[in-house]
Amino acid sequence: MRMEIRYASHPNEVKQFETERLRREFVIESLFVPDKLTLVYSHVDRFIVGGVVPVQKEVALEADPKEIGADTFLERREVGIINLGGQGRISVDGTDYVLESKDCLYIGLGAKQISFASLNASSPAKFYLNSTPAHKPYPTAKTGQADAFNVHLGAIDNSNERTIYRYIHEKGIQSCQLVMGLTQLEKGNMWNTMPAHTHNRRSEVYLYFNLPEDGVVFHLMGEPRETRHVVVRNEQAVISPSWSIHSGVGTSNYIFIWGMAGENQVFEDMDGVDMNELK
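Anchor point for the sequence shown: position 85 equals 880 in my numbering, and the numbering is continuous, going up by one each time.
Keep in mind that the hints were calculated from the coordinates and are not lab data. All C-beta atoms in this analysis are idealised placements derived from N, C-alpha and C, irrespective of residue type, glycine included. A portion of the hints provided could be inaccurate.
Within a straight-line C-alpha distance of at most 20 angstroms, the following computed PhoX-like cross-link-like pairs (lysine-lysine) qualify [said to hold, decoys possible]:
(1) Lys966 / Lys937
(2) Lys1074 / Lys810
(3) Lys861 / Lys907
(4) Lys937 / Lys897
(5) Lys931 / Lys907
(6) Lys852 / Lys831
(7) Lys966 / Lys931
(8) Lys907 / Lys937
(9) Lys982 / Lys897
Distance windows between CB atoms, simulated [unchecked claim]:
(10) Glu808 / Thr1046: 38 to 46 angstroms
(11) His947 / Gly905: 45 to 53 angstroms
(12) Lys831 / Ser896: 15 to 23 angstroms
(13) Asp866 / Glu981: 32 to 40 angstroms
Please construct the entire structure, taking both the sequences and the accompanying hints into account.
Put into C-alpha cells, the structure is as follows:
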C-alpha cells in the first residue's frame, strides 16, 4: 500500500497558514478504515502514524518498499501499537498476542511478518500504531493499563484531573527511541497539557479518542508567542513538531494517546512555557 507523505514546516512559515493549510500539514483526519491499513509518513523525525480495523479479514503490516527503503516494514524500524476497540490479535512472526482495549504491544527492529485480526467481527479491534527508525532490536513486549507506570495529576478546579499511563519508556517497555502511552481525563475535566511546554529534542503525535460524535477538542499548537488552533474530532491525530506547544481543551473529557520520537527518551525533558508567555 502507499503512504501519505507529510513534510516538515518551519515555524516562520506556519505563522502564515490559514485553517485549511494547518489541517493539511498537521491533522490526520482518517486513520481507521475497515479491513485496510492506513499509514501517514511524517518527515518530522521520520515518524509513521497508522491505523487498522480488521473486520472481515486479517490485515498485514506492510508498505511500499520504495517509500520506506526496505523490503519489510520493520527492517529499519520499531513500532508501538495500542488497541482502541474490541479484542484483537497481532501475529508477530508466528507468535500471537491478544490485546484488550487500551493494551499496548511493542515490536522491535527485524520482525518480518506482522498481521492484525479481530476476535469478534461485530466488535472489531481498532489498532493505532506509531513507528520510528531503530538502530538495534528489542524484544516484542505487551502491557496494559493495570501494569503501566502511571501518575495521577491535576484537579477539577483546573479542569485537568487526569492519569498518565506510560507504556513504552525508559523504565517500562524498552525501545530505541519511541516513547508511547496514553492520558485519560476524569469526568468533568477538559484540559490537557496546560501549562504548555515544548521539547526541542523530540517531536510528538497526539491521537484523541473516546469523544462523543458531536464532541471536539480545540488543539493548541504553534510557538508559544504565535499560537494557533485546529479543531480535532474523535479518533483524529495531530502531528506536533518539536518547536510547537501541544495542548487542548475539549467539549467533554476524553483520552489521548501520545507518541514521541527524537534525541532522547526522558519523559520529563521538556521546556515549560509560563502562562504569561502565551499569545
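* Asked: Okay, which hints does this one fail, numbers in order?
  -> 10, 11, 13
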